[in-house]
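Participant: Chains U and Z supply the protein sequences, listed in that same order. Residues 304 to 589 (the numbering used here) make up the first sequence, in order. Residues 304 to 589 (the numbering used here) make up the second sequence, in order.
Rather than coming from a laboratory, the hints here were simulated on the basis of the structure. Beta carbons are placed, not taken as given, at the ideal position from N, Cα and C, and that holds for glycine. Be a bit skeptical, because a hint or two may be false.
Said to hold, decoys possible - To be clear about the criterion: a stretch of chain Z counts as covered by chain U if any three or more of its residues have a C-beta under 8 Å from a C-beta of chain U, and this derived list gives those stretches:
| id | stretch |
| --- | --- |
| 1 | 324-335 |
| 2 | 338-352 |
| 3 | 490-497 |
Said to hold, decoys possible - For lysine-lysine, the following DSBU-like pairs were computed, each having C-alpha atoms within a straight-line distance of at most 30 Å:
| id | chain 1 | residue 1 | chain 2 | residue 2 |
| --- | --- | --- | --- | --- |
| 4 | Z | 577 | Z | 330 |
| 5 | U | 520 | Z | 495 |
| 6 | U | 493 | Z | 409 |
| 7 | U | 554 | Z | 502 |
| 8 | Z | 409 | Z | 350 |
| 9 | Z | 495 | Z | 389 |
| 10 | U | 391 | Z | 360 |
| 11 | Z | 312 | U | 382 |
| 12 | Z | 323 | Z | 577 |
| 13 | U | 492 | Z | 492 |
| 14 | U | 449 | Z | 492 |
| 15 | Z | 389 | U | 520 |
| 16 | U | 499 | Z | 312 |
| 17 | Z | 323 | U | 520 |
| 18 | U | 409 | Z | 580 |
| 19 | Z | 330 | U | 449 |
| 20 | U | 336 | U | 389 |
| 21 | Z | 580 | Z | 492 |
| 22 | U | 502 | Z | 495 |
| 23 | U | 330 | U | 577 |
| 24 | Z | 524 | U | 492 |
| 25 | Z | 554 | Z | 495 |
| 26 | U | 317 | U | 330 |
| 27 | U | 492 | Z | 554 |
| 28 | Z | 493 | U | 554 |
| 29 | U | 502 | Z | 524 |
| 30 | Z | 312 | Z | 548 |
| 31 | U | 580 | Z | 382 |
| 32 | U | 499 | Z | 502 |
| 33 | Z | 360 | Z | 577 |
| 34 | Z | 409 | U | 391 |
| 35 | Z | 382 | U | 391 |
There are 2 protein chains.
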Amino acid sequence: MSAKIIDGKLLSQKLNSHLKISIAQNKGVRAPKLTILQIGNNPASNKYIKNKLNSCKSVGIDAEVLKFDNNIKVNELEKTILSLNKDKNVDGILVQLPLPSHIDEKFINNLIDVTKDADGFNPQTLGNVLLDNTQIYPATPNGIVKLLESENINLVGSNVTIVGRSNIVGKPLATMLINREATVTICNKKTKNLAKVCKRADILISAAGSSKLITRKFVHKNMTVIDVGANFVNGIYCGDVDFEKVSKIVKYITPVPGGVGPMTIACLIENVYKLYKNYYHKNNSK
Amino acid sequence: MSAKIIDGKLLSQKLNSHLKISIAQNKGVRAPKLTILQIGNNPASNKYIKNKLNSCKSVGIDAEVLKFDNNIKVNELEKTILSLNKDKNVDGILVQLPLPSHIDEKFINNLIDVTKDADGFNPQTLGNVLLDNTQIYPATPNGIVKLLESENINLVGSNVTIVGRSNIVGKPLATMLINREATVTICNKKTKNLAKVCKRADILISAAGSSKLITRKFVHKNMTVIDVGANFVNGIYCGDVDFEKVSKIVKYITPVPGGVGPMTIACLIENVYKLYKNYYHKNNSK
Chain U
304 MSAKIIDGKL LSQKLNSHLK ISIAQNKGVR APKLTILQIG NNPASNKYIK NKLNSCKSVG
364 IDAEVLKFDN NIKVNELEKT ILSLNKDKNV DGILVQLPLP SHIDEKFINN LIDVTKDADG
424 FNPQTLGNVL LDNTQIYPAT PNGIVKLLES ENINLVGSNV TIVGRSNIVG KPLATMLINR
484 EATVTICNKK TKNLAKVCKR ADILISAAGS SKLITRKFVH KNMTVIDVGA NFVNGIYCGD
544 VDFEKVSKIV KYITPVPGGV GPMTIACLIE NVYKLYKNYY HKNNSK
Chain Z
304 MSAKIIDGKL LSQKLNSHLK ISIAQNKGVR APKLTILQIG NNPASNKYIK NKLNSCKSVG
364 IDAEVLKFDN NIKVNELEKT ILSLNKDKNV DGILVQLPLP SHIDEKFINN LIDVTKDADG
424 FNPQTLGNVL LDNTQIYPAT PNGIVKLLES ENINLVGSNV TIVGRSNIVG KPLATMLINR
484 EATVTICNKK TKNLAKVCKR ADILISAAGS SKLITRKFVH KNMTVIDVGA NFVNGIYCGD
544 VDFEKVSKIV KYITPVPGGV GPMTIACLIE NVYKLYKNYY HKNNSK
């Protein structure tokens, strides 16, 4: 038996098509706009930004990249963000990660106004995610939830194990699944008997950033496996899961590439459109 | 064998003594001040508020209660909170729960300025708790962490099971323990085989609000049991744990009353002092 592949590329294309129609139908005097801040010239960042720009273009979102030298002073970056917060022609702001070591990620994410928080990394956004009181979610967790929903995979009362406790995937995803009445276990590097803890799950989500971490010992035949890993091994892009072997055992699985990755971008640009709509709504109701 | 009782009353008294000294030593032109808003006349709320006022008084925090009729309009309450947000003589604001049904709790908690958020229920505070980037925590989860720390109970790599997924206990507590590298499982009413899931834990925390939910079947001899329940059964105040039987089996246990309850108030008034200190720090550095 082989697992059913949950095709994130296909689902993201469907979402983008819907988004394109919504944007065309609800366009005001200008298109939605995303501003991406890039510090330095990280090759992986270049690639991710290119993908974001292409996706924006394909659905009718204006996007621009402001590039800064790797040595930019924090207060210069701060000034730029505060000015973008006030710019009525910008709906979403995103600072491409990773940042150079002299710039504190939390400080930067806190500067971005919550009404322009495209990535969903602002503390207020994350608090509202925990409270289940928002339309804006960090893109990767939101993409994962949409992948599960696309196959009608039950969450209520299900056992979900998440490997990885990052601020942008593990923790917000945990709160989103808790809000959907799943029984959620969050593992980290110190977890004892990781394989055993994982094997208990109905849904296993690995966001550890460690290739071939999830082997046959971690899974069973009724399991759904979501692979959030984005690793490069000998120049080859792969996830956390030993796909070849695990996909022969489990019920559902996402591939890398073509699983969570494209969903992350689809959810990011959906955030930009939601921020745009909120902006227009607010300005029309005043 | 009988469990060691973790005495929340004693620990809260110690914390209050330290706080009293800190306040006396760091007092500016005025004492720290907490304003409590009470809507209606709920008898349990009256009791909780009285305890909060007494604790404030004992450590040198000024506290006042603003009482409102049960039928108060939301915009009146809003006006009061916005005015308190600007009041330079108020450091902490707290709206006593529960609220009458016509008032949305999330809306109200969102109104309280994050710099005056005594309860730690504001979304920005909760997001910062998730990000491990704050000094202010919701009082009950913070009290639980302090109870565990007081007995040097290991969290790193430990299996913690939390029963209950509320916005004020379960979810923020989960993020705090995840940040301490525990492997955390959050259960809810839909969890399958609850007893079995609980029995796997090194530390079991019940915040379900259901008396005698946690029985002998849920525990083992090396377990620490933290009882967050605050239930009234036939007029008797009790927790979620069948204390008589469970305390004969496990290693550590908190009683009700005298466990988490007094720690919650101690952590609340500590928040007020921290908000006061931040306020003074800000105003001296400007």
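Participant: Holds or violated: residue 520/U and residue 495/Z, Cα atoms, limit 30 Å.
Facilitator: The hint holds at about 23 Å.
Participant: Taken at face value, is the distance from the CA of residue 391/U to the CA of residue 409/Z at most 30 Å?
Facilitator: Between residue 409/Z and residue 391/U the Cα gap is close to 28 Å, so the pair holds against 30 Å.
Participant: Given the hinted pair residue 492/U and residue 554/Z, is their alpha-carbon gap at most 30 Å?
Facilitator: This hinted pair holds, its Cα atoms lying about 26 Å apart.
Participant: Are the Cα atoms of residue 493/Z and residue 554/U separated by 30 Å or less?
Facilitator: With a Cα-Cα distance of about 23 Å, the restraint between residue 493/Z and residue 554/U holds, given a limit of 30 Å.
Participant: Please check whether the stretch 338-352 of chain Z has three or more residues whose CB lies within less than 8 Å of a CB on chain U.
Facilitator: violated (count 0)
Participant: Examine the stretch 324-335 of chain Z: at least three residues should have C-beta closer than 8 Å to a C-beta of chain U.
Facilitator: violated (count 0)
Participant: Do the alpha carbons of residue 524/Z and residue 492/U lie within 30 Å of each other, as the hint requires?
Facilitator: OK: residue 524/Z and residue 492/U at ~26 Å, within 30 Å.
Participant: Does residue 312/Z pair with residue 548/Z here, judged by a C-alpha cut-off of 30 Å?
Facilitator: OK: residue 312/Z and residue 548/Z at ~22 Å, within 30 Å.
Participant: Could you grab the alpha-carbon distance between residue 409/Z and residue 350/Z and see if it respects the 30 Å cut-off?
Facilitator: At roughly 23 Å apart (the allowed maximum being 30 Å), residue 350/Z and residue 409/Z satisfy the hint.
Participant: With the threshold set at 30 Å, check whether the alpha-carbon distance from residue 389/Z to residue 520/U stays at or below it.
Facilitator: Outside the cut-off at roughly 58 Å; violated.
Participant: Given the hinted pair residue 382/Z and residue 391/U, is their Cα-Cα distance within 30 Å?
Facilitator: holds (28 Å)
Participant: Against the 30 Å threshold, does the CA-CA distance of residue 554/Z and residue 495/Z hold or violate the hint?
Facilitator: Holds - the C-alpha atoms of residue 495/Z and residue 554/Z are around 26 Å apart, at most 30 Å.
In summary, the numbered hints that this structure violates are 1, 2, 6, 9, 10, 11, 15, 16, 17, 19 and 21.
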